[in-house]
Amino acid sequence: MLDYPRIDRFAYLNSMIHRFDPRAKIIAFLFLIFSIVGLSEVKFALVGLLASIFFLVLSRLPLRFALRHIKWVSLFIIPFFIIMPFTMEGTEICTIHGLKVTYEGVEYGVLITLRALSAVILILPMIATTRFEETIKALERLRVPSIMVQMLMFTYRYIFVFGEEWERMWRAIESRGFRLRTTLYALRTMGRAMGMLFVKSYERSERVYNAMRSRGYTGHQRTLAEFNLQKSDLVLSALIISLGIILHIIQGVA
Amino acid sequence: MREAVTTRNLNYSYPDGTIALNNINITIQEGERVAIVGPNGAGKTTFLLHLNGILQNTDGEVKIFGKNVNEAEREDIIKNVGVVFQDPDDQLFMPTIFDDVAFGPMNLELNENEVRRRVKNSLTRLGLTGYDERCSHHLSYGEKKRASLAAVISMEPRILVLDEPTANLDPKSRAELIKIINELNRDGVTIIITTHDINAVPELVDRVYVLNRTIIAEGIIREIFSDAKLLKENHLEVPEVFKLFEVLKCFGYNCEELPLSINEAIENLTKTIGTNGGHIHLHIHEHTHEETEKVKHKYRYDHH
Ligand SMILES: Nc1ncnc2c1ncn2[C@@H]1O[C@H](COP(=O)(O)OP(=O)(O)OP(=O)(O)O)[C@@H](O)[C@H]1O
Ligand SMILES: [Mg+2]
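Read top to bottom, the protein sequences are chains V and U. The numbering used here applies: residue 1 is where the first sequence begins, and numbers increase by one. The numbering used here applies: residue 1 is where the second sequence begins, and numbers increase by one.
Bound-form chain U, shown alone (with noise of 0.2 Å):
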């Protein structure tokens, strides 16, 4: 397997002297699914801007499938690392829905029959057929998201990089979104994702790096979400169903690892009964009011 992606000692302040990324080391697998978490203002989106070259940085080192992204050939990373802005309407900038999507295969320089055949795939595999000729000022916010996914994925990026993918996208739109990644995850494209919609991480991805101008934190979601120090620290949240057996484990709940998803809720909870002969049993006890006011206490923001 190789490295798709791999910084080394990045640093990074914007002219006006902020400080947004202190010694960022951070190394990708290719066909990877990984998050990055962190506080607004952590640095997330500036780190993003980083992985295509449009930061240019010499201060460190970002390397796409080991070249360095300041030494190679600007389309040999441009081919590689797809980046999907937060903003649909910064992304979506030519008259119809045809040209935006068919804007990165031209300026690759491919022939008329390959953008078109590129353009159909991407807009099949969002949904968008038909939307060829519609322009995007008059799409809805869901339109326009998957629309500026299609405008990215017709240049067949092998890294696909998306900032907070499903911020204002109502139920259908966010999970419709989210089997598009992960079916092009599943085609081999290495996802990073930056995100505070902490209930999509564990469908989304299964590594967390947690940063906050420099890496806090590193590792798979359930070690991430089981240290509590580290996610207040860094205004982080853990799923509802987490917190709902942690409040369950008060009342007697035996279970080692915590469901992150309602699928694995209702796993856990069908092996639990499984074994415990057809039943589970809850009840209170002694400590049951101090451990729940403990688990209460965990997860509070507004007061200290």
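For reference, chain V alone in the conformation it holds in the complex (with noise of 0.2 Å):
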């Protein structure tokens, strides 16, 4: 089997987060990803950081599970951390080969990383602690369009299928003493043998909408789910929400 990245792995742990109402745990999250984006100053945005991690601590998911995670995203943000003191104009801190870093430049850097690094964390929370059948139901049942939920679906259920053709057929170009190097024959192998995946796919994907249209597919869709919102539900989400905004007017006032 291939290591997918399966990002609701620990969806079966236990936690307060866990328990949240799948509907209003992404609405609440979602919201608060979006205030604590939206905010500008760096000690706001470190109360954002620790808020997230406080989230991502009481869902109990592994920590080098969420490392994992957060690892892959920062190769994004650091580029943005390093760039940002040399190109904004402001008051000088001091010059590297002749480059001026600025002290606007730094707090910004360091503004986008906080922001940046709270969205992500909080991702994990919103999405790690529901198993990805639920989510996609929750959406369903938020309204997103039904077009974007089936889309969701379908790469959900078929990117194993995928992988696994995948992998079928890798082991038989290796079995056939196929080794990857960057020749031009190797390459073009890949390449052709990618090709070879894509018009697999599309194959199975027409048999796959004859096998719906054969058991009445119009178009649309729905899906049984059973959602309850209980008290603690809204509680929690009220308390989510609440610290979004509260952030905001804070940092409106002072």
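Just so you know, these hints were derived from the structure itself, not from any lab. Glycine included, C-beta positions come from ideal geometry on N, C-alpha and C. Keep in mind that a hint or two might mislead.
[Unchecked claim] Simulated restraints, written as ranges between beta carbons of each label pair:
no.	chain 1	residue 1	chain 2	residue 2	range
1	V	Ser201	U	Glu61	28 to 36 Å
2	U	Tyr301	V	Trp170	27 to 35 Å
3	U	Tyr301	V	Ser201	30 to 38 Å
4	V	Gly163	U	Phe251	54 to 62 Å
5	V	Leu187	U	Glu61	21 to 29 Å
6	V	Ser201	U	Ile280	53 to 61 Å
7	V	Phe198	U	Arg134	46 to 54 Å
8	V	Arg143	U	Gly130	28 to 36 Å
9	V	Ser201	U	Thr58	42 to 50 Å
[To be verified] Listed below are several chain V residues computed to face chain U (Cβ distance under 10 Å; list not exhaustive):
no.	residue
10	Val144
11	Met148
12	Tyr156
13	Tyr158
14	Glu164
15	Arg204
16	Val208
17	Asn210
18	Ser214
19	Gly216
20	Arg222
21	Thr223
From the two separate chains plus the hints, produce the assembled complex.
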């Protein structure tokens, strides 16, 4: 088996966040994410980051799992952190190889990093504590356009099938002596194999579509889901959403 | 009795010009169990795709309970004809098994209680109770196969069409699936299968169509199995028990109807021994060698 990047691998754990109704969870955390991303002062963004970490801890997701996800996204953030100090106009702090480092630049770099990190961290309690199937249904209940929900759903379902198909193909290629090198021949073989996977996937999509039509699919789709909002869900959402609002209020007053 | 499926002068070519079906005329009565057999590439799968209007085709006619597939309401056809495709990965596309089995009933716009009742029934019938919340990509092939059947019978079709239902199953899963299909048939569901699993034919169906682009032959199993030339020309086989009794005949065993399954073989032996005073007598006579060679030759594909 391939090591699939399964975001919902720890959805079976039990925590306050895991028990949170998926719909309320998505709305509350999305609100908080947008609110933190909209903060403009470093000290408040820092509070936002601490709050995010707090929710991550509350969700009891294993630290290693969380770090692995955060690590990848960090790769995109670091360039900003490095470039910003050099590119913003303002009070000079020092000069490195003739490039001016400004106070405003450093501050802005830190701000962006804090905001992005908070968002990335909050995505974990939001998505990783619910089975993906449930998240999909929650999105559907929240009236996210059907086409988007279906796309997400099929991607999630067939990523495994394609993954295995690729694995089988790759095994067949390697067992006939192929080794991946940076030669033109090797690259061409890779390209062809990927092309084959594409054709196979296309043909499968036709068969899947046939199977769907056989069972009465017309483009619209409903699933049955049992969600019921508890009082505790409302309280928790209210808390998370107020946190988002309060951060902005205090920042406005200060 | 009603005619469940009727086709008249059905022709079909794929867009690339491959002639897949040529003048197909078939009539299947309600409650029948029928197999379509034939070599690889004979057009079996293509034919099945016509039965619920997936392949729209005006060159010829397909009727389900007297209604032309191209003219009837789509929903009407889908409700009556359930198709189980060969690869369960094509058939299970929803997030959970529950959703997959509920998919058809939901599309029929049944109310929620009815949908839940049908899902529960189908899962129970297929021995999948408790699988509701499992996702299909983590099931074994046999489980997927059963789930894909559950996803179709939840629509409670009157005609069940299965493309190679027993392929790739272990003996236990295979036997269970055969049992379930036969139970459905006893409830009045018409069964149409394609298969290369010749040992499953006697267990699953009563009548056989031999298809090789066009209908080559039609008949009850024993008739078809007795026509050596027909079998060979269409890359078909007969069950090993059937062959064994042909061999026994070369050694002087007296047997008019060759058994198709172990059960029939036991019956046959019991009867023959009974009428022969408690034993059977086998011996080598002057033609034995010649006849066994003939039997061997009859079922060989590795030389011409
Ligand atoms: N999408 C397609 N486009 C073009 N030709 C096709 C397509 N699907 C099938 N064919 C061709 O049509 C013919 C009949 O194929 P079909 O799949 O119906 O055969 P089959 O009897 O089901 O074979 P098997 O026993 O191998 O499953 C074959 O020659 C095949 O190559
Ligand atoms: Mg086929």
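Could you check the hint for me, namely that V:Ser201 and U:Thr58 are 42 to 50 Å apart, CB to CB? Violated, at about 31 Å.
Evaluation of the interface hint that places V:Met148 against chain U, nearest CB under 10 Å: Status violated, d = 15 Å.
In this structure, is the beta-carbon distance linking V:Arg143 and U:Gly130 contained in 28 to 36 Å? At 32 Å between Cβs, range holds.
V:Thr223 as an interface hint toward chain U, with CB separation required under 10 Å: 5 Å, holds
Holds or violated: V:Ser214 as interface residue toward chain U, Cβ cutoff 10 Å? 5 Å, holds
Was the hint right that V:Gly216 lines chain U, CB cutoff 10 Å? Since the shortest Cβ distance to chain U is 3 Å, the answer is holds.
Given hint V:Arg204 near chain U, where the shortest CB pair must fall under 10 Å: 6 Å, holds
Status of the given 27 to 35 Å range, CB of V:Trp170 versus CB of U:Tyr301: About 34 Å separates the Cβ atoms of U:Tyr301 and V:Trp170, which means 27 to 35 Å holds.
Hint V:Glu164 vs chain U: min CB-CB distance below 10 Å? 9 Å, holds
So the hint says 21 to 29 Å: do the beta-carbon atoms of V:Leu187 and U:Glu61 match that? Check failed, 53 Å falls outside 21 to 29 Å.
Holds or violated: the hint that V:Tyr156 contacts chain U, with Cβ atoms closer than 10 Å. V:Tyr156 check passes; min Cβ-Cβ to chain U is 7 Å, inside 10 Å.
Chain U contact restraint on V:Val208 - CB to CB distance below 10 Å: This hint holds: V:Val208 lies near chain U, its Cβ roughly 5 Å from the closest one there, short of 10 Å.
Taken one by one, the earlier hints fail for this structure at numbers 5, 7, 9, 10 and 11, listed in ascending order.
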